[in-house]
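Colleague: Chains as they are written, first to last, in my numbering: chain H, 1 to 372; chain D, 1001 to 1318.
Treat the hints with care, since some could be wrong.
Which bits of chain H does chain D cover? Going by a derived footprint, with three or more residues having C-beta under 8 Å, they are [what the hints assert, rightly or not]:
hint: 1; stretch: 12-23
hint: 2; stretch: 194-208
Pair by pair, the computed Cβ-Cβ distance ranges are [stated by the list, open to error]:
hint: 3; chain 1: H; residue 1: Ala310; chain 2: D; residue 2: Lys1086; range: 50 to 60 Å
hint: 4; chain 1: D; residue 1: Gly1066; chain 2: H; residue 2: Arg19; range: 34 to 44 Å
hint: 5; chain 1: H; residue 1: Val350; chain 2: D; residue 2: Gln1072; range: 39 to 49 Å
hint: 6; chain 1: H; residue 1: Leu33; chain 2: D; residue 2: Gly1041; range: 46 to 56 Å
hint: 7; chain 1: D; residue 1: Thr1136; chain 2: H; residue 2: Val236; range: 22 to 32 Å
hint: 8; chain 1: D; residue 1: Pro1109; chain 2: H; residue 2: Leu262; range: 34 to 44 Å
Computed far set for chain H versus chain D, every beta-carbon distance over 12 Å [as the list claims (entries may be wrong)]:
hint: 9; residue: Ile27
hint: 10; residue: Tyr40
hint: 11; residue: Arg93
hint: 12; residue: Asn178
hint: 13; residue: Leu228
hint: 14; residue: Leu262
Note that these hints are calculated values from the structure, not bench results.
For each residue, glycine too, the CB sits at the ideal point set by N, CA and C.
So the chains spell out like this:
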Amino acid sequence: MNWRRLWAVMLKEVRQLRRDRITLAMIIGIPVLQLVLFGYAINLNLRGLDAAIADEAGTAGSRALVMDMLATDVVVPARDARTPQELMALLKRGEISVGIAIPADFERRRIDGRPVAQVLVDGTDTVVQSAALQLAQVPLEARRLDNASRADAGSDGRRARPIEVVAFYNPERRSAVNIVPGLIGIILTMTMVMFTSVAIVRERERGNMELLIATPLSRSELMIGKVLPYALIGLVQTTLVLLLGVWLFQVPIRGSLVDVYLASILLIVANLTMGLLISTKARSQFQSMQMTFFVFLPSILLSGFMFPFAGMPKLVQWLAELLPLTHFLRLIRGVMLRGASLWQLWPEVVALLVFTVAMMALAILRFRKRLD
Amino acid sequence: MSDIAIRARGLTRRFGDLVAVDRIDLDVPRAAVYGFLGPNGSGKSTTIRMLCGLLTPTAGEIEVLGLRIPEQAEALRRRIGYMTQKFSLFEDLSVRENLEFLAAVQGVPKARTRARVDQLVEEYDFADRQRQLAGTLSGGQKQRLALAGATVHAPEMLFLDEPTSAVDPESRRDFWEKLFELADGGTTLLVSTHYMDEAERCHRLAILDRGALVADGTPAELTGALAGRTFEARAAQPRKAQRALRGVAGMLSAAQIGNTLRVLVDADGKGIESRLREALSAAGVEAAIVAVQPNLEDVFVAATQRGGEGGRAREHAA
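Using the sequences provided together with the hints, build the complete structure.
Modeller: Pasting the structure below:
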């Protein structure tokens, strides 16, 4: 390793990058855009579902129940309905997502302890469904407790809430808290893999590679020199997401900031080596973009960023264990939200290191300083 | 130190079934401009790439500057410059940035880099374009910059793969002036080309055809070997004369050049001149046959026997 040659490659890369406006725009634009989109638009904790209420009882008690349901903000009245049949028609036409039907014998059912109302949910969207389910429970229990509080409250209350769930770390159930740390991983996976693979393939496509391999430049000088500037860019992106996450969404950083950056560096290096490996295989910049998506899509879907890891079949879970993003998500959520240290999460650190070493070895083996 | 820069024996390269280079023997003397003349696809680039260690030969031995190639290719890279057929400097770096990068990569000592780049900028006439991006240079300027880049570490040997294929005639002349300056300074140059006028300028040259080396020597030796075998037929209707000459025994080629036909004949062409005249008068074509000095184009046609009309004439004669 000759430091002067390594430095020359890095300097060249930075100079070229400085003149590449679109790539520069992507470096800043992708994190900001994704953060705002995921943070604001994608909200798994639903509020404001369109609803209609058919109150056939019309008693003071039933009206109070409706008011309690509306007070949760999960539903807002959007249409008028008088019968359950009208609710079904509205649901079918897609004009409402939730219908609340209160039968005429509401008061007698309440005394008998039978279900007093029905919540009809458009189940085509499972997220809407689960939001509405939570809506159906809370107000009913509130009413029961209300009644029971005058008489012997204790036993009744315990029956209503047999298992108590205590949510740590994100009690307000804000999606942004869950999404922003993961977003660092998503952005780093997308940009790091793509930038490095494109950067090397571009030299081959433009004919620069033939010149470079005819010089004393070594394989590792060329690869490391080309990749290191992008590692710095990755840290800039990490910082950007952290700053915006804290500023716009009040995402907590409960662990140490050093651990957050160390975890990010681990992912950056893992992704850069994967980009290098892709670059040894791809024949054009377009091909390397395509290959990047083969990595990026499973990463988004399987890593646990979008869907809970526990819900996946065993085979898919094993596949997901091969993706660096899966391990990074466990690290970053652990450090940022649970305040864990990297030491406590050492298996994930080891997994990322092993991945990096394997990819780097493969890339250097595959990269030949020959044209044949 | 031997006065041979490159020695190759039985150099062969196959790509699958295609034999791109077929058992070439080569001796290139030091401090000279050595030319590779041949049409596209004749194996010039493949040979050059094998000589610089970028391609592994399928068979054969190579020795460049006393180093065995491809085994000692890394050691060779410090001592040679290579100018690719396609412009391969960085289009989004400036003239100066490109030269600085190459100086660092080629191991020019840091303390000397600035002076060396200044010197190249001056010599290659980029004084007022140092900050211009290489991608915005003209074809001739790009070639000049590529040559400056290839010589940044003052290599003993330069490989130039069709350096002037995309350059106007005036730039080509200037470019060749630079090459001779380098040769005078002791650099060995190996230049491939498909231009006859460029081949004529070389100290020595090798003619390649379909992967084989079909002739080599100094331009004078090569043309001298054809003495007495070249004629010119001046006719009012050259195409008609060309048809009339087709099939004359011993004629290799009759190529039209403007209003004249350039005729190349076999080595043992006794009485060929009168046979040509007879053929013309038999066809009722009025033409004068004059003996002329052979040139490299004739050498090329004689060596490859692919002179268009001549090729067919040869088949008829056989």
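Colleague: If a hint holds in the structure, say so; if it does not, say that too.
Modeller: Each hint, compared with the structure:
no.	hint	in the structure
1	12-23	holds (count 5)
2	194-208	holds (count 3)
3	Ala310(H) to Lys1086(D): 50 to 60 Å	54 Å, holds
4	Gly1066(D) to Arg19(H): 34 to 44 Å	42 Å, holds
5	Val350(H) to Gln1072(D): 39 to 49 Å	41 Å, holds
6	Leu33(H) to Gly1041(D): 46 to 56 Å	49 Å, holds
7	Thr1136(D) to Val236(H): 22 to 32 Å	30 Å, holds
8	Pro1109(D) to Leu262(H): 34 to 44 Å	38 Å, holds
9	Ile27	17 Å, holds
10	Tyr40	37 Å, holds
11	Arg93	57 Å, holds
12	Asn178	41 Å, holds
13	Leu228	16 Å, holds
14	Leu262	32 Å, holds
Comparing the model with each numbered hint stated earlier shows that all of them hold.
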